[in-house]
Amino acid sequence: MTPFKTFCGAAGALGLSLFAALPAWAQEVAAEAAPAVPNPGNNAWMMTATILVLLMILPGLALFYGGLTRSKNMIATMTQIGAVAALAMIIWVMYGYGLAFGPEGNSIISWGKFFLAGITPDSTAATFTDEVISEYVFVSFQMTFAAITIALVLGGLVERMKFSAIMVFAIVWLTIVYFPVAHMVWEARGVFFVMGALDFAGGTVVHINAGVSALVAALILGKRKGYPSEPMPPHSLTLTMVGTGLLWVGWFGFNAGSALEANGSAALAMINTFVATASAGLFWMITERVMGHKGSALGFCSGIIAGLVAVTPAAGNSGPFGAIILGAVSSIVCYFFVAKVKPALGYDDSLDAFGIHGVGGIVGAIGTAVVFAPSLGGPGGEDYAMGGQLVTQITAVLATIAIAAVGTAIAMYIAKALTGLRVSKEVEQEGLDLGEHGERAYN
Amino acid sequence: MKLIMAIIKPFKLDEVREALSALGVAGMTVSEVKGFGRQKGQTEIYRGAEYSTNMVPKIKVEVVCDDALAPRVVEAVQQAANSGAIGDGKIFVLDVGQAIRIRTGETGETAL
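Protein sequence lines, in the order shown, are assigned to chains A and B. Using the working numbering, the letters of the first sequence correspond one by one to residues 57 to 499. Using the working numbering, the letters of the second sequence correspond one by one to residues 286 to 397.
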């Protein structure tokens, strides 16, 4: 096994062994060869990691995004996040898991195991060693990734999109964008997996995918009424700070859990998730100072997210000091993107889902090829060729951008045809909380 | 009777209160207000998006006293609230037609 294959995608080798778990003849063969039994320690860690990813969505992302919106759209923002996450969970067990990790398939998509057919408490999924974990745990872990990715896209769409339009968009987008990309990156037959693209915990599948989709969807949806002339300051940076903290805590499940075992690779991912993030939070504030402003709370929170996003593909693919540099670079690049480039271009990516998840994800995906090098303390082997890996990483990034952009456009126009997409001007003025849900966040 | 209405910087409230207590002023009303004068508003920046707020937070202190005490109250507030910077605020003196203590029905200066 090449050194980087070891850390490659989450689902890697497991597609092959899942094979064995399903058809009757295979089970007989497996029985003869004494089937691998999950190590309770690994299983327990992966159950914990799965719940930590849920913590990132509700309450983490809901509070982070909610605090950034105006108070009249607080309930709508949080409800949208919760509802699309719940929808993703249901779709995942119906057909999402089959399309991403099914037993039959090719380099683009897989099929089989629809409605979790054939999976029992005894079914196992392979990790990156000869260990296994319970397949239900693997299905749940991957389910939370689908759920958070669609929730992240909403960062570009809040404060103006109908709830019904968001639900339709979510179903189509998960089906034609998320499930195929997850298959391509994380499944053993997937095209990016075969290419050897390094993506430890989902920089391409989750962050570039969500960020680019948010940008394209925001362009199709249009700006919020009054943007950018009317002030739209965050209504509660306190809640945004709380959400940021929950995201950081939950991200340990996301990154260290992507090792699929409680082992040294997970430990490396854990320390990187600390230090890259710490570095990024501070560097955003330093950049603000250098640009002549005050170091801000929102800047600190934004830096933390930029660092978490960038270290996601690099979590088990970098040494701690490479991760510190990666976090700093991501933070600085994202700062200039959201503070300078976005206002110059004038589009309304409301909560900077593209500016931080998309841009930070691209920095992380490309940067992973650099910090993987053993000369920088990364886990790459002696024969690691950075140039070739850079080409592979950039190819995977560009392909993900293309798939996300096209798929998002299709999903948005379907949602527009079925629901009309935007709330009325009156509802937008009064707030989506009252207009779409009949409630106020604060009474 | 005079109503002395002072708009001051919030951090000067304690000093003003102490100065007035020393003069024997029996009570005052304080409110948090916003406004602008020569001191322009502040600029807030969220991820590079700049918003200028025209209104600056201030404290409004209202004191009613008899005519003899009024000049000393004004002087005390002026000294206590002075930081020497733009935005220290203003003092207004108004005539008061009547004062009534609700509990007893006393009127005029005895009601103060």
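Keep in mind that a hint or two might mislead.
Claimed, not checked - In silico negatives: residues of chain A with every beta carbon more than 10 Å from chain B: (1) Ser220; (2) Lys279; (3) Lys281; (4) Gly282; (5) Met288; (6) His349; (7) Leu354; (8) Val394; (9) Tyr403; (10) Tyr440; (11) Ile470; (12) Glu484; (13) Tyr498.
To be verified - In silico contact screen, one side only, chain B against chain A (beta carbon under 7 Å); selected entries: (14) Ile330; (15) Tyr331; (16) Gly372; (17) Lys375; (18) Phe377.
I should point out that these hints are in silico values taken from the structure, not numbers from a laboratory. We put the CB at the ideal spot given by N, CA and C, even for glycine.
Assertion that Met288/A lies farther than 10 Å from chain B (Cβ)
8 Å, violated
So is Tyr498/A really clear of chain B, every C-beta pair being over 10 Å apart?
For Tyr498/A, whose nearest Cβ neighbour in chain B is about 19 Å away, the distance exceeds 10 Å, so it holds.
Please confirm whether Ser220/A is truly not at the interface, meaning its C-beta sits more than 10 Å away from all C-beta atoms of chain B.
Correct as stated: the minimum Cβ-Cβ distance to chain B is 30 Å, above 10 Å.
Regarding the assertion that His349/A does not contact chain B, is the least Cβ-Cβ distance greater than 10 Å?
6 Å, violated
So Ile470/A supposedly isn't at the interface. Is its beta-carbon more than 10 Å from every beta-carbon in chain B?
32 Å, holds
Interface hint status, Lys375/B versus chain A (Cβ within 7 Å):
27 Å, violated
Given hint Phe377/B near chain A, where the shortest CB pair must fall under 7 Å
31 Å, violated
Would Leu354/A pass as off the interface with chain B, using Cβ distances and a cut of 10 Å?
6 Å, violated
Beyond 10 Å from every chain B Cβ: check whether that's true for Lys281/A.
16 Å, holds
For the hint on Tyr331/B, just tell me whether its beta-carbon gets within less than 7 Å of chain A.
Where the cut-off is 7 Å and the nearest Cβ of chain A is about 6 Å from Tyr331/B, the hint holds.
Just want to verify: Gly282/A was marked as not at the interface with chain B; is every Cβ pair farther apart than 10 Å?
12 Å, holds
Outside-interface status for Glu484/A - nearest CB in chain B farther than 10 Å
19 Å, holds
In summary, the structure is inconsistent with hints 5, 6, 7, 8, 16, 17, 18 from the numbered list given earlier, while agreeing with the others.
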